[in-house]
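Trainee: Sequence lines, in order, name chains A and B. So for the first sequence, the working numbering puts the first residue at 563; every next one is plus one. So for the second sequence, the working numbering puts the first residue at 238; every next one is plus one.
Incorrect hints may have been included.
Partial chain B-side listing against chain A, Cβ under 8 Å, derived [to be verified]:
| no. | residue |
| --- | --- |
| 1 | Ala355 |
| 2 | Gln360 |
| 3 | Ser361 |
| 4 | Phe368 |
| 5 | Asn370 |
| 6 | Leu408 |
| 7 | Leu491 |
| 8 | Phe516 |
| 9 | Gln520 |
| 10 | Gln544 |
| 11 | Val598 |
These are computed hints drawn from the structure, not numbers from a lab. These figures come from a predicted structure and were not determined experimentally. We put the beta carbon where it would ideally sit given N, CA and C, even for glycine.
Read off the chains here:
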Amino acid sequence: MSHEFFWQDQQQKQPAGLPTQVSAFLWLDVVVACLRKDMISALSERVTLFQMLILPINYTILLVLFALAGSAAPTTVVMVDHGPYAQRFYDAMQVSHSFRLQVESEGTAQAMLVRGDTVALVTIPGNFDQMVRRGQRVEIGLLVNNLNTDFTDDVTRGLRLAVTTFYQQQFPGKISIVTQIHDAHPQQTDYIPYLSVAVVVIGLLVGGLLQAGNAMARDWEQKTIKEVLLSPAPRSAIVVGKMLAAGTVSLLSALIVILFLVLVIHVSVLDWSGFLATILLLSAVSVAAGTLLGNLLKLRQTVTLLTRGISVPLFLLSGVFNPITYSTIGLVVLARLFPVHYAISLVQSTVLGQRTNILSPQGNALVLVGFLLLFVVCSCLVLRRGHSEQ
Amino acid sequence: MVALNSARDVIGATIRKDVTIYLRQWKTILTSLVLPGTYILVALLGSIAVGRSPIALVVQDRGTIASQMAQAMVDADVFRVSRVSPPDAHHLYETLSVGAIVTIPVGFSQAVHDHQSAPIVVQSNNLNLDFENDLRRSIPDAITLYYAQEAATPLPLTIQQHNLRTQNVELFQYEVVPLISLLVTVCGLIASSASTAGEFEVLSIKEILLAPVSMGTMVIGKIIAGWITTATMGLLLLLVGMLLGWIEPAGVFLLITLLAIALESLLAATAGIALGCVFRRVQAVSVLSTTGSVWLFFLSGGLGVLQFEPIFLRKIAAFDPLTYGTHMLQMAIFYQSCDRLGEDSAVLIGTTLALFLLCVVALHPQVVTVILKKGRTTP
């Protein structure tokens with residue numbers, strides 16, 4: 563007798579008037595049993611657990627270091643002239659959002675540049691004030707350690723900004739072309755918090771895929787799936803129970819990332835309830851995807867390999883640095899095929915209050931729910947197929 | 238002479254055994270390649286991301302100065318500029334296809350001509366400060382470019398720029414070199430640590446200990462085996478980088494590049510064996526190897542420029558051997574320089590020797606016997 567018939571048989575044996583209720587209780591029993599079993603297994607596999615917890619922090623640090631490296635150039639200023647205009651020029655450099663400034667003598671500055679302690683050396687010449695006052699040509703010296711063109715360009719542009727700022731402040735009538743910037747958002751979001759917010763998504767993605775994928779693959783590897791499939795339990799209850807266990811464990815890594823964001827990066831969450839709801843939804847989607855992956859691959863090592871291999875590229879292809887629509891059309895189409903893009907956008911909208919794709923937050927949430935249902939249904943179908951193979 | 242021959246045989250046998258096992262483990266090879274492969278993609282996408290974002294340029298003024306200014310903005314090469322009408326610009330902005338609308342308003346040329354205030358209006362979707370700062374810097378960049386073309390410039394303050402190095406290295410090219418270090422580290426750590434931990438798991442370490450050979454010889458054999466597989470991977474990536482034109486080491490500096498890869502591989506292989514001796518579980522050392530190499534990579538300035546990072550990070554990087562290996566590679570590949578070659582090599586060799594001693598101690602028969610006994614008594 564196949565398990566479906568057995569299950570139907572059991573249902574038929576229930577007293578009249580109670581079948582739905584009883585079957586619901588039995589369904590819940592299966593969910594709880596699967597949940598308990600997988601939780602115990604997960605907690606006993608300490609290495610996998612450690613890996614799952616440490617990976618999102620690794621990614622956070624990766625992005626923080628990436629943002630830190632490009633934020634401001636350590637620059638040494640040699641002020642041969644100390645007059646008021648020279649000082650005003652130094653101030654203009656300071657507000658250009660491009661440099662970490664330090665004033666030194668020429669000898670020290672040269673030594674720092676050679677040692678690699680500074681990347682640019684700006685010299686304000688001796689007759690600076692006099693020449694500026696007379697409106698004569700003055701040359702600011704810039705010696706730059708041109709390690710790569712991107713950073714060198716930032717230094718040069720930062721200095722040009724300082725020049726125009728200086729003239730606009732000291733000689734307002736002299737430069738007629740000025741810039742009027744109107745910002746769409748009243749608050750300025752630093753690049754580190756902006757990038758870090760999206761890390762929650764990869765934390766949940768990796769946690770869910772690893773945990774759920776490994777739990778499912780372990781059952782296939784150790785052949786315990788046979789017992790599960792031969793039991794009269796419905797596929798949906800098995801899948802939901804396993805997903806709940808993986809989701810609970812993977813939420814641990816999300817919790818660590820959230821604590822890191824709030825306590826270390828000092829990200830202030832705009833909408834906590836929306837953010838927490840988003841976390842739960844993302845966790846469910848990642849875990850459902852992991853369950854499907856584990857069912858398809860059936861080997862833990864392959865699941866781990868694929869999870870580690872695909873999660874970072876997928877994450878970075880989904881609009882972490884800027885809205886994905888700023889990229890090429892190929893990347894936009896690719897990003898829209900996967901739930902990660904909608905997840906990043908949803909997290910950014912709940913935490914920072916920013917719209918970073920063309921959908922509303924509700925629209926993004928709906929797409930994610932669609933992915934969740936798709937993964938759950940596919941997992942049940944794969945389990946059914948797996949049963950007939952067994 | 239007999240002792241020398243015997244040592245050579247032991248080393249040869251150990252190398253053959255370890256390399257054969259490594260070649261059979263395609264999943265281990267794949268695992269070690271996935272991580273650097275992923276980070277190459279990270280570097281590529283990152284360098285694209287920090288580069289040119291799209292903006293819409295609306296030129297409402299038909300005067301000469303307005304078109305010169307618009308051209309200067311395109312020439313500044315900071316953004317991908319789409320020159321469009323106001324409704325189109327608004328549509329692109331609303332659909333997040335551009336990050337900002339830069340408008341040169343009607344009467345701009347006349348205002349500049351009359352030395353009156355002529356604003357360039359920017360509507361910015363300031364999602365983050367990186368984009369905002371690029372925008373803040375780019376318009377003055379275009380303004381100074383424009384004024385520099387003028388005969389009687391109102392901006393007599395000019396920048397006389399000198400570069401410390403003659404070569405210009407693109408951001409992505411620059412990031413490929415640390416990735417060679419990462420690949421070498423991951424491959425060396427994973428291959429050697431898994432091979433050593435495997436000896437403990439399947440208890441083949443017993444046979445090794447009972448063999449009448451010195452532990453130092455055995456460790457040297459294992460290190461050379463790890464070094465061969467690791468250096469091969471490093472050389473392959475170097476070759477791919479050279480074929481794709483990412484990096485072009487030339488002349489004697491190609492030899493220094495090869496030396497750097499050889500020393501990094503040696504260090505990674507020795508560190509892997511040390512890790513295997515200490516932790517003795519394949520799964521544990523696999524996780525530690527990948528996580529550890531990523532940390533070493535980050536801290537050595539792998540995804541940015543170490544000199545641009547805060548002082549505390551640079552101080553930490555001084556204790557990371559990968560910093561020296563990557564520096565050696567960068568100097569040889571990009572700048573044709575032997576700057577701090579001695580210091581870099583000394584750190585790599587010194588760390589390798591220290592780890593070699595750790596391996597010899599950890600594989601000493603008495604230590605291993607204690608470990609195995611402890612393992613038997615552990616439930």
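Trainee: Taking the numbered hints from earlier one at a time, note which ones the structure violates and give those numbers from smallest to largest.
Mentor: 7, 8, 11
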